[in-house]
Amino acid sequence: MDLLNNILSGSIPMEAYLGVSLIMFFAGVYGFLSRRSMLMILISIELMLNAADINFVVFNRYLFPGHLEGFYFALFTIAIAACETAVAIAIIINIYRNLTSVEVGNLDQMKE
Amino acid sequence: MAQQIIFFVLAAIIAIFSILAVTAKQIIRSATYLLFVLLATAGLYLLLGYNYLFAVQIAVYAGGVMVLFIFAILLTNRPGENVKTELPVRRVAAGLTALAGLAFCGHIIYWNIKRVGDLVAQSDITPQQLGHSMLGTDKYQYLLPFETISILLLACIVGAIMIARKR
Amino acid sequence: MQYTLLILVLPLLSFIVLGLVDSKWKPKVAGTIGTVVLGIITALSYYTAWEYFSMHRVAGVYEKLIPYNIEWLRFTEFLHINLGILLDPISVMMLVVISTISFMVNIYSLSYMHGEKGFERYYAFLSLFTFSMLGLVVATNIFQMYIFWELVGVSSYLLIGFYYTKPSAVAAAKKAFIVTRFADMFFLIGILILSFYTKTFDFSILTAEHTTVFAGSAGATFLGFGVISWAMAGIFIGGAGKSAMFPLQIWLPDAMEGPTPVSALIHAATMVVAGVFLVARFFPVYYFQTPEVLHGVAYIGAFTALFAAVIACVQTDIKRVLAFSTISQIAFMMVALGVSGYDGQEGTGYMASMFHLFTHAMFKALLFLGAGSVIHAVHSNEMKDMGGLRKYMPITNWTFLIACLAIAGIPPFSGFFSKDEILSASYEFSPYIGGIMTFAAALTAFYMFRLYYSIFWGKDYIIKAAAHGHDDHGHGHTPHESPFAMAFPLVFLAGVTCVAGFIPFGEFVSSTGAEYHIHINPTVAIMSVVVASVSIIIATLMYRKPTATPDKLAKTFSGLYKGASNRFYLDEVYMFITKKIIFNSVSRPLAWFDRHVIDATMDGFANTTQWVSVKIKGFQSGQVQQYAYVFLLGTLLITAIVLIF
Amino acid sequence: MNFLSLFVLIPALMMMGLFVSNSRKQIQFVVATGASLLMILSGIITYMYFIERAAGNAATMLFTADTVWYAPFNIHYSVGIDGISVAMLLLTSVIVFTGVFASWKIDPLPKEFFLWYSLLSIGVYGFFISTDLFTMFMYYEIALIPMYLLIGVWGSGRKEYGAMKLTLMLMGGSALLLVGILGIYYGSGATSMNILEIAKLHIPIELQRYFFPLTFMGFGVLGALFPFHTWSPDGHASAPTAVSMLHAGVLMKLGGYGAFRVAIYLMPDAAKEMSWFFLILTGISVVYGAFAAIRQTDLKYINAYSSVSHCGLVLFAILMLNETAMTGAILQMLSHGLMTALFFALIGMIYGRTHTRLITEMGGLMKILPFLGVSYVIAGLASLGLPSLSGFVAEMTIFVGSFQHTDTFHRVLTIVAITSIVITAVYILRVVGKILFGAVQDAHHEHLTDATWYERLSVVTLIIAIFAIGSAPFWISGLIHDSVIPVIGQLAK
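Residue numbers (the numbering used here), protein chains in the order written: chain A, 1 to 112; chain B, 1001 to 1167; chain C, 2001 to 2645; chain D, 3001 to 3493.
In case anyone wonders, no lab produced these hints; they're calculated from the structure.
Be aware that one or more of the hints could be misleading.
[What the hints assert, rightly or not] The following label-pair restraints were derived from C-beta to C-beta distances:
#: 1; chain 1: A; residue 1: E103; chain 2: B; residue 2: M1134; range: 52 to 60 Å
#: 2; chain 1: D; residue 1: E3361; chain 2: C; residue 2: K2166; range: 34 to 42 Å
#: 3; chain 1: B; residue 1: L1144; chain 2: D; residue 2: M3016; range: 17 to 25 Å
[To be verified] Reference excerpt, derived from the structure (chain C facing chain A, CB under 8 Å, subset only):
#: 4; residue: Q2625
#: 5; residue: A2628
#: 6; residue: Y2629
#: 7; residue: L2633
Idealized CB from N, CA, C, for every residue including glycine.
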């Protein structure tokens, strides 16, 4: 009870935020490495980007209150993530048209 | 107190759903779980006092990006087709790597507990303030990245159309 | 005596002209050009000889004249190859011999080779040969000699292989060239050693009586022998190769595959005596510097003389009999040189050798040309296809008989005088050598008359031919005497053979150059004549009429007979060495080694590199996830390292 | 602009001419003109060289010129020639000229073939005229690259393999060479890469011990030094005629020339100290190449191994480090260049008719192809060292020179090398006997036609050159001899 009280009282520690983003990031890593579908890989990338966003914001908020660097970074990252998703999905659909598959295993022609 | 509870709820949602998102067999479910994660992240932003970012997260991510995902999934998924399961070796290897990374980073974070500053109260960021810093060219003002992003967006729009259009 | 240059230039020109026009001119024109040129050369040579020998002696010796000596290639300050003309008694004598025989052969060939394909080529090669041989004998230095030595070898190769579509001729040409080339290698090594110590190639310096050039080599030894001995032995081996001394004689019998006039010119009269000439040229060096090598020459010569004579007794191909007889006779000359002393009467051997060279050239050429005439008539080389030809070919018969008597050593024919001198010189040196030589001489008389009777007497050729049913390729017709162009050289050479013995040879040629009077040693002379006559009588009894004696003898000494008719298996030994040892046991493994060891090593480097690169290429799989995985692992690793240290 | 650069410019102009020419006629015109111009030019150069020397100019290199083209490393474009370069330029011109006519009707892609061919000649000419180490090296590399394409595209048999092997091994050699050259440059502390400048300085013996073997082996690979000779059989066997000619005739000589001009001239101390080791290797090359040639059945392989033997003799003589032997080495380069080019030309022509190079499948060709047959015999006789042909002069100079060495080891080694003349006779006569003499093996061969005019031109030019050196060696040996003296002076220092 004491512990719970301790946790629930005062402000939320920065490590908690970092822990959350950490879990999110490595869930993304796991997805990126293990899944074959390109859409899944894209989803994993979104997760990782999101985790990074959280870190930016948290560090900004905790270490440099009053500044907006992290904030903007997160903002722009969101924008770039959106762009990247759009282009990636366009490519995926294009590949799907050609190969009727969205699995990365089939996409090693570029090495030759 | 309420803040803490909200945080833990959000944290739990993020942790659980991000893991579910990468392990779900069907992509459409993954996308749904991702949506939950993104929404919860938006909640975290709100909790940290960045209202504007909250709005952007909801609008761009949960709104725009997710719609793209859903469309893509519907376009590429053939109904009735079985989803291939991944090789166990691959999953184990990926899992171990991810866990190792988690351990490393967790270790670093744990090591640095209480070495960083505490949460300091901060006044709300007004839209005016945001607009000034986004469109100014002084120190701590970000017109250049803003413009760059805009050009990038333009390029992406053109590129995406070029790539995806039928030949 | 500037005109002597013409003697060299004319045949060269003739060769170039005939070689370039090839078959564009009529054969007759080519033959005429070759013959006329040779005629001029012969005239020039005779004139040279006359002028040279009628000159006054200086201090009792004929001067060495060097009308030309041009530096051709300079190696070092002292060593340079000059091309020039050296006239001294032996070279002038050789000029006469070579030009005479060559001229005769040219005339003879006009008819003998008539209608052959490549007639112009034949005459071109004859000119080339004459040029090289003349160049060889007038060489002013040892390297010039070597140059012409090689040229002679090549012309011999070309002429033996004249019928180049005949595999046996090609093989014989190849064999002749390679065997002599092998010997030439020792010649070259000898030259190198000699020139290294004496710092000169020049004959007039090397063979001067009181020369000091050998002072530098005093005491220098290699593997226990003096270096000059090595050099002179090497030079002798070179000569032995050309002169077909044991054990390098194997090429000469095979060389009979060439046209018969060529055999007469090259393989009987001129080229094969080059070795003798070489030893004679170096005689002072051999005698004063390396007497042990000179004795070796005598022993090898004696053995060869006997060895070849034994084989000659059982050969059935008439040209081969003559070939072995040539080997044997050249060995006589070698022995004579080997046993010779230097001064005055002791120099009998030297004089005898040169004398025999001269007379032998004449009668052996005569024998070959006669044999050619016979072959021309019966179209076969084998004794069994001949017999009773004396009725059909009287000129050939008589000239052949004269030559046989000469080679057997019956007076008054030339061979008697020269051979007698050789025998007496041998007896003076050692009774054993003398005995061997006498025996060899007896064998000579025997096999020559065996040959003579088999060809011209015995069962009639026509009957034989009919009995063997050989009517197919032109045997049916009656053999007839050869035309004038072939008969003339026979008669001319027979004439020379009859009178040459009375030439006071010693007055012209001797070891010191001083006048030398021939004394016939009565004991030796009578003995040799008796021995020769007895041999001839035995041969007459055995071969004049077909008898069973030869077969019986062959049966009695079947081992010896078989060995001799197979030339004591020396060819097989050589074949074994070249084919089995060099070809199969050296060259083949070497080629294998090159492909499978050295080359494989080089390929191995390449293959290893490729293998590694294929392995590395695996990392570039094109799989994004794999890249990411590796990237992540790397990051983790680096983080770990940073954390730990 | 020094007029020596014309040697590089003319082939470059040829390349430009080839670019604009369309028909086979035009291509032939361009290459024939270019090759003839080069021939005339080398004649003029020789004449001018003699004039200059006769006028008493005793400089090591004549007609020198110098332009900086890369200042940071002191790399100059510096040219100059001495008697040896003159001789090599003459040789190159003769072979380029005859090579053009030997591949007169090359098919397919004649234009591209001659483009690469011209580039190859740029490399070779450039190598012989430059006196700057780096420029020399650059030209060496220029000469190597076209080789790969020429063999790979126009070759026969296992051409890709042969091309790859040749190029890679020679590139490997040039890698050693680059290290050697840099070692020389930095070791001497020179302020330029000019050979003449470096020769005035002294490289410490400790450094020479490292860089001499590297440089010598680098050049030795090109000179077919045992055991780095295996590119030669495969490369030559698959190369087209003209390339074999130029490669065996000239490019292999780059090895000997370089070893002479760079390795020994600049590092005389190490050369004296280490020559025994390389002498053994080259001695092996000489005998080994000859023995290996006996066993071969492919004409080109026979000739390639014979090249190993003959080029071994070049390096052998260079390592004897005395005037006469070195003169002989250069003579041997000329002689071997000419006769091997003749051989390859003839083999190419015979192969073009019979479509086989195996000696077991040919016979009696003398009767059908008298011109080619006679030429082949002449080439063979030159190769086995018949007096009045070039081989004799070169070999005798080498043997006499080597035998003048005062050391018994060297003289014994010379005798070992001499044995090669017998073995050479064996394999030459074997080939001549098998393919030219005897009965016709293949009935199809009966109807072959003898050489055409352009083939005759090519063959006769080479034969005349062989005769010229063989029967009048004094002029060329004098030319070379004078230019060997600086190296001897360097050795005596």
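The hints, checked one at a time:
For the pair E103 (chain A) and M1134 (chain B), the supplied restraint of 52 to 60 Å is violated, since their beta-carbon distance comes to about 41 Å. Our hint of 34 to 42 Å for E3361 (chain D) and K2166 (chain C) is violated, since their Cβ atoms are close to 20 Å apart. A C-beta distance of roughly 51 Å is found between L1144 (chain B) and M3016 (chain D), which places it outside the suggested range of 17 to 25 Å. Below 8 Å, beta-carbon pairs count as interface contacts, and Q2625 (chain C) has one with chain A at about 6 Å; its hint therefore holds.
Given the 8 Å rule on beta carbons, the hint for A2628 (chain C) holds: about 6 Å separates it from the nearest Cβ of chain A. Against a cut-off of 8 Å between C-beta atoms, the interface hint on Y2629 (chain C) holds, since the closest Cβ of chain A lies about 5 Å away. Evaluation of the L2633 (chain C) hint against chain A yields a violated restraint, the C-beta minimum of about 10 Å exceeding 8 Å.
Violated hints for the displayed structure, listed by number in ascending order: 1, 2, 3, 7.
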